[in-house]
Each structure stands twice: as structure tokens, then as C-alpha cells.
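**Q** Residue numbers (the working numbering), protein chains in the order written: chain A, 1360 to 1701; chain B, 1360 to 1701.
Hints may contain errors.
Any copy will do: because identical chains look the same in the list, a pair fits if it lies in one copy or spans two.
[Stated by the list, open to error] Heads up, simulated DSS-like pairs for lysine-lysine below, C-alpha to C-alpha not over 30 Å straight-line:
| no. | residue 1 | residue 2 |
| --- | --- | --- |
| 1 | 1663 | 1487 |
| 2 | 1605 | 1487 |
| 3 | 1432 | 1487 |
| 4 | 1386 | 1610 |
| 5 | 1602 | 1386 |
| 6 | 1429 | 1610 |
| 7 | 1557 | 1487 |
| 8 | 1605 | 1394 |
| 9 | 1487 | 1610 |
| 10 | 1429 | 1602 |
| 11 | 1432 | 1386 |
| 12 | 1429 | 1605 |
| 13 | 1602 | 1487 |
| 14 | 1557 | 1394 |
Hints listed in this document are in silico derivations from the structure and should not be mistaken for laboratory results. In this text the structure is predicted, and so the values were computed from the model without any measurement.
There are 2 protein chains.
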Amino acid sequence: MAVRQGRYTLNLPSRPSIIGNAAVVGKTEGEGPLKAEFDHIYTDDTLGEISFEKAESTLQREAVIRALDKAGKTPAEVDFILAGDLLNQCIGTSFGLRELNIPFLGMYGACSTMSLSLGLASVLVDTKAADVAVASTSSHFCSAERQFRQPLEYGGQRPPTAQRTATAAGASVVAAATPEKPCVEAVTFGRIVDLGVKDANNMGAAMAPAAAQTIADFLTDTGSTPQDYDLILTGDLGLVGTKLLKELLQKDHGVDLGDRHADCGLLLYDLEAQDVHAGGSGCGCAGSVFNSYILRRVTAGELKRVVLVATGALMSQTSSLQGESIPSIAHAVLVSAPQNIL
Amino acid sequence: MAVRQGRYTLNLPSRPSIIGNAAVVGKTEGEGPLKAEFDHIYTDDTLGEISFEKAESTLQREAVIRALDKAGKTPAEVDFILAGDLLNQCIGTSFGLRELNIPFLGMYGACSTMSLSLGLASVLVDTKAADVAVASTSSHFCSAERQFRQPLEYGGQRPPTAQRTATAAGASVVAAATPEKPCVEAVTFGRIVDLGVKDANNMGAAMAPAAAQTIADFLTDTGSTPQDYDLILTGDLGLVGTKLLKELLQKDHGVDLGDRHADCGLLLYDLEAQDVHAGGSGCGCAGSVFNSYILRRVTAGELKRVVLVATGALMSQTSSLQGESIPSIAHAVLVSAPQNIL
């Protein structure tokens, strides 16, 4: 029942399972390398709604409904839904989930939300505080652009270090151990890290130190090395952040990620062909890549142990305008192939 | 270990204790009826910072540091801090807590954050996922006015149904049962409720249905009536919301709150003398009133059983401008006098 392992890690001895998962994405994401992996691709990024914010809400609700359906559960069987997003006051989530009538624990972890909510949902199931818990998140390119940068109509240029907020949502349904489903072995909740990066067009650089710290904490606590895992999967560090992560882990912690690292922001798009600069970002980036491509491969046993390390930049437009640096965070969730395969 | 009681309530058999708590407030709050109750009153609402947002961060950090000090704990002894606020991307919290180096679980519950974070912290301690967990929140009149309404310099008039966002922060430190400290008996996490209220100057009306639903769920699950408690304490329904709560509970659930109800938004200010219209609001309203006046009386045994029901309006400025109604939520936490008194 959630046994502490080292200073920062919770081992979950009951091995709660992810009994259902879903990812739905927008047009651009549906044209990328993972297009065959998603549960649904919307060809109109408005999803038929009258605003991009409402479209994002619909996106998240759709991911949750599909994940529940695949898990064979109804909303009435869910004890808690843990969810959040990037929009001011998390309206993507609250408006998206309001019809579901499920006890709602609102999360805010910026782009780390998928591992924050999945980690906490797994702890609640492991400790029997919940029988069924859902973790979900979303982001939308158009709602994020106008909130954090400029409305699309402005046609602002983005520097090469900038990343593209994914129009995507992902959801996982967590329940008691089920032999044929992937399971959650351990969770490391991160600490806020701020090395003074102030460039809101370079989130990868701001978030890399948080990812390095959480990965180092996780490896120390579990007495393991990257070679003990098939994949250490960061959320949305992109090109710039990925390079920095490897350097920081090597220099500060003597950890060599070798060939065991991948980043959802680099998997979601074809960077050059799709002109997305340094890669993908947004809560929905890790949310959708993890809940499609990654969990499919874990379920099939192609990947036996994956550490999801979604990363979040905890700034706002106001804090950046006030000259503040960007505090960041990363949470790690160790997911393993079904026990009947391992 | 977090035993489910009815559909929505978790009973916490280990009775985790609130081993330290603190509340710090601004000038206006420090001139109200509870002025003798707070740990510190700032006479300058900037707290010496160069922006109101930075002032709010300082306010929340101060509440956490004082609560830890009173609990005899250092930040290094804390397993998790669960916290959030009203500012876009919760920057009051992330910038306030970044120096503390404590694993951080970001919450978003709007003004329900105190009971969301305290409830979840108590579940984590009860299930032994944490030995020590901190719950905290903050709000600031000036940062909230300029974000949600107009900058103060604009001098906008507020209607009589409007409430004043409290400049206040509160923090609770939760740990294993300690006989001489108040304890948490049970938690009911709420569902999102939206009856279609659209007036962002009447949050009390928007949130009352959520409070009614959560209180009804809690009473049904525990097989109890309001008369079994000394106080059912809502967060910030104010004058309008309080009246509606009583009507809704009577009409929809046959529950008579009688003389057992109080509202932090009505306790914090002298409504007429301080010209705060329908009462106080903001995450810090319930955060500060609960972590001062209420917990002092619970610790002394003057109040034996109190149900804290902080309420949150899950809208943003954008959703209101888009003509959306206001989804709301309320979470209930049952707190009892120290076991050596009961």
C-alpha cells in the first residue's frame, strides 16, 4: 500500500492497472508520424464548437468517454477523476467534464499534468481510497496561442526554440491489478526547480532541469539506471530541452541516458515536414502520445518498463511580463507491461 | 486506511491530525472581526513586493512557513505540499513555494482549494502514502481584481451581490494521529454542478448548488444530520449564496441547516462597516478563517465537530466573456476536536 522507497518515490505494491486509455487529436497531430495510433483524429480543429476553448473541452471529454468505454466502465462507476489543463482556471477541464457527474479533483501541473494525475490516481487505487480513478488532460494549439502568445490572426513569428502546443487530449482509467493490462509500479512526485531561464519561447530549456532532478531522484530512490528501463519518456522537452536534459543528467548526476530516452514532443510531429520548430508541447502532448503509441507498445510487451516523466512550466503570461523566471516541475510514473507477459 | 462510506465519502480510520496551522492576512482582513485570530497581519498589502502577484506568493509562503514552524517540522520533513490559488496558472502558489524544495502536487479548485488540498493531504497521510503533508492556498484582493475584473485604478463599481476577494493565505500541516491535535475524520470530494448561473458578480449564487449537493452527499453517506455537528462551515457563499444554500438543502434534500451553518465569507469581515458588499471570497477566505479562528476553537474543544465545505467557481474571465455559465464545486472535510478532549 504505497510503500515509500527512498526520499521521493512511492512504490505501489498492488500494481494498479491502466484498464483503459484513449487519445484524440487535431488535424496537424493526425498528419504526423503517430497518425495510426490515435482513437480519433478531428479534421476540423474547432470540433464544431464556437470557440477554441469549447473545442478543447470537447476534446478532453471525448478522450475520457473513449477511455472509459474501452475500460468497460461508466462514469457512475468512477470514484474520482483527476484532471487539469493549461487554460486560465483550467476551463478546458471543468467545462469538459462538468456533465460527467464524477467526483472531481482539479490538478494544476501545466504540461506535467498527465503524470501528476496518473501518478495520484494510481496512488489512490493502490491505497484502496479508490476502486476506479481516471486521469486526463488536454491542450489546444489555438486556445493556447491566444492565451499565452498572440491570437492566430496576428500571424506572429515564432523563434526556432519555440514548440507547438498540441491539439490533443489523453485519458487513462486506473483500477485494481488486472493481469492482461499494463500496470503502474511506482511514482515520484517532483519538486519545483527554477534555474533562472526567462525565455517563454524556450520552454524546453526551462523544464529540462526539473526533468533531470526528478529522473535522478527516481533512479536514486529505486537503485536503478536508465538501462533498467526500455524508455525514459519525457513530456515535451523538444529538441532544445532534450539536449539540455542529457547534459544536466551527465554533468550533475553522472547519469547517461544512452539510447533509453524519448520525448513525446519529438514523437508527435515530423519536425521539419510539419514546421513545428523545436517540437510539440502542451498537456495534451504527453497525454496523447502516452495514451496511444506508448501504452499500445507496453500492452503488447514491446516495451516492458517505461518511465513517463511529463514536465511542466509553472509560469503565466503575467509572471513573464513581470520579468520573472520560469519555475518548472516534472513527475515520474513507472509503467510496466501486463503481468501475464512479463 | 480510507474506508469508503457510501458513494462519495472516504472515512479516515487513522484520524490524521492537523499538527500545525497558520493564517496570514492583509490590512482590511486584519481590521475585521477576526483580527485577534491571525498569525500575522500585513499593514501594507504589497508586502514590500513590486507586484500584487508577488505579494500573494509571499503571503502563501509565509502561511506555510509559519504552519510548519508551529508543527515543529522543517520543509525537508514534508513528503508533499498540495496547494493552489486563483491566479492564472496558479502562480501565487508556484512562485510562493518554489524555494521550499518540497514535492509539489498542484491543485486547482478555485475557492474550494483549502478543502480539496486538506482533504487529499489527509487521505495521503491516512493511507500512509505520506507521513507529513501540507495543504495551503492564497488569494489577494488586488491581483484578483485586475485579473478577473478591472485594475483597481479603474475604480469600477461593484454590485451588491459581489464579494471581496480576501487578501489572505492559510496552511495546514497533516500528520499521523496526535491526541492533543484536531483530526480529520472524513472527506467528501464533490462533483461539478452547473445550474446555469452566468453572473460573475454573483459567485455565491453560482456556488450554492455545489455546496448543497456536497453537504447532502456527506450527510447521506454518513447517515447524519446537521444537528450532529457544531458547524457546517461553507467557504465563501456570502449573503446571497448562504440564503440559497439553505433554500436548496431544504427544498431538494429536506435538510434543515438550522443554527449549524456559518460561512467564512461572512465571518471574515464586518460587512456593513467594511463595505464588502455580500461578503468575502477567494481561496484565502476559507484558508485563513479555517486555519485561525475555527481550528483554534476546535483545538480547544469549543467546537467538537466541524464540516469545512469550501466552494469554488470553476470559470475564467474568458468563459464568462464567451457567455458560459459558471460550473462550481465543493469539497467537504470533517474535522474533530483532539481525541484527548472528545
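**Q** Each hint needs a verdict: does it hold in this structure or not?
**A** Going down the list of hints, with the structure as the test:
1. In this homomeric assembly, residue 1663 and residue 1487 come within 30 Å of each other (Cα to Cα) both inside a single copy, at 25 Å, and across copies, at 28 Å.
2. In this assembly of identical chains, the alpha carbons of residue 1605 and residue 1487 never lie at most 30 Å apart, being 37 Å within a copy and 34 Å across copies at closest.
3. In the homo-oligomer, the alpha carbons of residue 1432 and residue 1487 lie at most 30 Å apart both inside one protomer (18 Å) and across protomers (28 Å), since each shortest distance falls under that limit.
4. In this assembly of identical chains, the alpha carbons of residue 1386 and residue 1610 never lie at most 30 Å apart, being 40 Å within a copy and 48 Å across copies at closest.
5. Taking identical chains as interchangeable, the C-alpha atoms of residue 1602 and residue 1386 lie at most 30 Å apart only when both belong to the same chain, with a minimum of 28 Å there against 48 Å between chains.
6. For the identical chains of this complex, residue 1429 and residue 1610 are neighbours neither inside a copy (43 Å) nor across copies (39 Å), given an alpha-carbon limit of 30 Å.
7. For the homomeric pair residue 1557 and residue 1487, neither the shortest alpha-carbon distance inside one copy (42 Å) nor that between copies (38 Å) is at most 30 Å.
8. Taking the shortest alpha-carbon separations for residue 1605 and residue 1394, only the intra-copy value of 28 Å comes in at or below 30 Å, while the best inter-copy value is 53 Å.
9. In this assembly of identical chains, residue 1487 and residue 1610 lie within 30 Å of each other by CA distance neither inside one copy nor across copies; the values are 40 Å within and 35 Å between.
10. Taking the closest pair of Cα atoms, residue 1429 and residue 1602 never come within 30 Å of each other, the shortest separation being 37 Å inside a single copy and 44 Å across copies.
11. Proximity of residue 1432 to residue 1386 under the C-alpha cut-off of 30 Å is restricted to the intra-copy arrangement: shortest distance 29 Å within a copy versus 51 Å between copies.
12. In the homo-oligomer, the alpha carbons of residue 1429 and residue 1605 never lie at most 30 Å apart, since the shortest distance is 37 Å inside one protomer and 41 Å across protomers.
13. Taking CA atoms no more than 30 Å apart as the test, residue 1602 paired with residue 1487 passes in neither setting, with 40 Å inside one copy and 38 Å between copies.
14. For the identical chains of this complex, residue 1557 and residue 1394 are neighbours neither inside a copy (34 Å) nor across copies (39 Å), given an alpha-carbon limit of 30 Å.
Hint violations for this structure: numbers 2, 4, 6, 7, 9, 10, 12, 13, 14, all remaining hints satisfied.
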